[in-house]
Amino acid sequence: MNNIVEAVRWLLTADAWSGTGGLWVRSMEHLGYTLIALGISAAIALPLGLLIGHTGKGRGAAVVATGAARALPTLGLLTLVALFTGIGLTAPMVALVILAAPSVLAGAYAGVESVNPATVDAARAQGMSGWQVLTRVEIPLGLPLILSGLRLAALQIIATATLAAYVGAGGLGRPLFLGLRTYDYPLMLGTSIVVILLAILVDAVFGTGQRLLRRIPGLAGPQRAPRGQRRDSRRATAAAPAAGR
Amino acid sequence: MIEFRQVGKTYPDGTTAVEEFSLTVPSRSTAVLLGSSGCGKTTLLRMVNRMVEPSTGSVLIDEEDISGVEPVALRRRIGYVMQHSGLLPHRRVIDNIATVPRLNGASRADARKRGYELMEIVGLDAKLGLRYPGQLSGGQQQRVGVARGLAADPNILLMDEPFGAVDPLVRVELQRELARVQEELKKTIIFVTHDIDEALTLGDQIVVLKTGGAVAASGTPAELLSNRQDEFVSRFLGLDSGARSLSAEKTDDGELLISDAQGRPLGVVPAQTDRADRP
Ligand SMILES: Nc1ncnc2c1ncn2[C@@H]1O[C@H](COP(=O)(O)OP(=O)(O)OP(=O)(O)O)[C@@H](O)[C@H]1O
Ligand SMILES: [Mg+2]
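Chains A and B are the protein sequences, given in the same order. Numbered by the numbering used here, the letters in the first sequence go through residues 292 to 536 in order. Numbered by the numbering used here, the letters in the second sequence go through residues 87 to 365 in order.
Some clues are possibly wrong.
Claimed, not checked - Counterexamples of contact, computed for chain B against chain A with all Cβ distances above 10 Å:
{"id": "1", "residue": "113"}
{"id": "2", "residue": "172"}
{"id": "3", "residue": "253"}
{"id": "4", "residue": "300"}
{"id": "5", "residue": "343"}
Unchecked claim - Label pairs and their in silico Cβ distance ranges:
{"id": "6", "chain 1": "A", "residue 1": "338", "chain 2": "B", "residue 2": "270", "range": "46 to 52 Å"}
{"id": "7", "chain 1": "A", "residue 1": "484", "chain 2": "B", "residue 2": "216", "range": "43 to 49 Å"}
{"id": "8", "chain 1": "A", "residue 1": "450", "chain 2": "B", "residue 2": "99", "range": "53 to 59 Å"}
To be clear, the hints were calculated from the coordinates, so they are not data collected in a lab. The C-beta atom is built at its ideal place from N, Cα and C for all residues, glycine as well.
Using the sequences provided together with the hints, build the complete structure.
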């Protein structure tokens with residue numbers, strides 16, 4: 292209990308936040324890592340997931356691969372990669388991307404699959420090409436689930452990016468591991484609190500984005516659907532747990 | 087001219103929707119496919135824009151086998167009004183109507199302008215244009231579907247029970263409107279319905295289908311009503327039951343006046359000479 296009080300007291304000092312090793316700089320590093328890892332994950336997993344959702348091919352393989360990737364212990368993976376790449380940012384990035392990509396992938400194909408097949412059929416029947424169906428119908432209508440995948444991935448990365456310090460990179464892992472090694476529990480606890488706050492902040496940003504999206508009538512959830520066929524959104528919420536929410 | 091040459095369709099799950107069906111729809115005429123649920127009407131219709139590939143036989147448009155035509159290009163020049171409106175839920179009504187003109191490269195402004203013209207034709211208030219499909223009633227959605235089918239001014243129109251969800255009054259109004267549009271624009275139309283009166287009103291030729299796409303009878307409305315060729319057809323048209331026995335009567339102008347058992351007029355089939363004139 293005392294430790295928590297002390298941790299909070301430490302967080303409230305200006306000293307804790309200033310300087311090159313201060314919490315502010317570490318938080319920015321941490322956010323930066325998160326953005327880079329999320330960006331790489333998205334660059335790899337989004338196109339792949341959209342392709343799987345659009346063609347319906349390779350879904351089984353994707354389920355197996357994402358399951359396997361999720362089962363990998365991140366710390367072990369990090370150590371393994373670091374053995375080859377040495378100290379620095381590469382190893383943690385590889386580990387974070389492998390951690391986060393499955394969520395992005397699952398969100399992407401679940402999003403595309405959640406679109407009412409009748410709507411896709413109609414779009415094709417009007418003369419949209421496969422690419423137009425994907426970009427003008429499947430992605431916009433699947434966006435809520437696609438974003439859910441990115442949101443989950445971002446949270447996983449933020450929580451795990453502390454491991455970067457384990458192989459000599461920066462981020463909030465630095466003060467955390469320092470506290471761990473020196474038995475400075477207030478330092479450890481205080482840093483953990485910052486990690487949690489950062490996660491809540493990022494989650495809130497995604498949450499706001501998704502809420503704004505839901506304002507568009509065509510993307511509204513079932514509770515707001517006036518009438519007519521809204522099978523799509525009902526299935527979208529049912530599929531959400533599959534995307535990891 | 088649209089030609090079905092002995093087409094058949096067996097879906098991957100083994101359902102045979104159509105066995106062997108042949109039909110020629112002359113240019114600028116309306117053919118109505120009439121039949122009860124599940125007899126293969128939608129399947130036949132979707133063969134024309136290659137949304138369904140026939141398992142056997144072929145479909146020709148103006149003598150050209152469409153199995154060699156690129157599907158996307160083919161669909162953009164065929165208007166298709168779907169059985170369940172099939173609107174894009176995330177696009178405004180006006181943009182739904184403008185879909186095909188936009189795909190064909192029209193500017194957004196031009197496409198929307200055309201869209202508003204069509205909304206007027208199908209009897210939709212222009213202020214509904216900025217709504218989303220989910221904010222319309224079923225009947226309004228269907229009319230949007232009709233407007234979308236007409237938007238690119240296609241030569242061929244496929245209409246799958248386009249007025250199924252509108253009330254009888256509006257329905258009759260829309261049928262008249264379609265007949266008027268057809269009189270003016272002379273498109274080649276294949277129209278699916280299971281409403282006999284609608285078939286009699288709109289069809290230059292009517293094909294009555296049994297399960298499996300088997301033709302029970304076909305001919306002009308007059309032929310169909312006068313020759314009670316087939317027990318199935320008579321039953322389907324209600325010619326055998328006292329409750330709804332239709333009768334056809336030639337008027338002085340050569341038109342056919344269709345009446346029910348109580349002598350209430352149901353509709354008028356235009357004079358035969360009219361039809362003969364058509365190319
Ligand atoms: N994609 C499909 N896969 C398997 N069977 C199908 C498919 N589409 C249609 N069928 C079957 O083919 C038959 C004909 O269907 P179709 O949709 O052409 O009927 P329809 O005459 O349009 O009926 P309705 O008046 O109810 O619209 C039905 O038995 C239907 O179950
Ligand atoms: Mg049908």
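Results of checking the hints against the structure:
1. 113: Consistent with the label, residue 113 of chain B stays out of reach of chain A, its closest Cβ about 21 Å off (over 10 Å).
2. 172: About 3 Å separates residue 172 of chain B from the closest Cβ of chain A, which leaves it inside 10 Å; violated.
3. 253: holds (16 Å)
4. 300: Non-interface label on residue 300 of chain B holds, nearest chain A Cβ at 26 Å vs cutoff 10 Å.
5. 343: holds (38 Å)
6. A:338 to B:270: 46 to 52 Å: Holds, since residue 338 of chain A and residue 270 of chain B (Cβ atoms, about 48 Å apart) stay within the stated range.
7. A:484 to B:216: 43 to 49 Å: holds (48 Å)
8. A:450 to B:99: 53 to 59 Å: Given about 46 Å between the Cβ atoms, the range is violated.
When the structure is compared with the earlier hints, violations turn up for hints 2, 8 and for no others.
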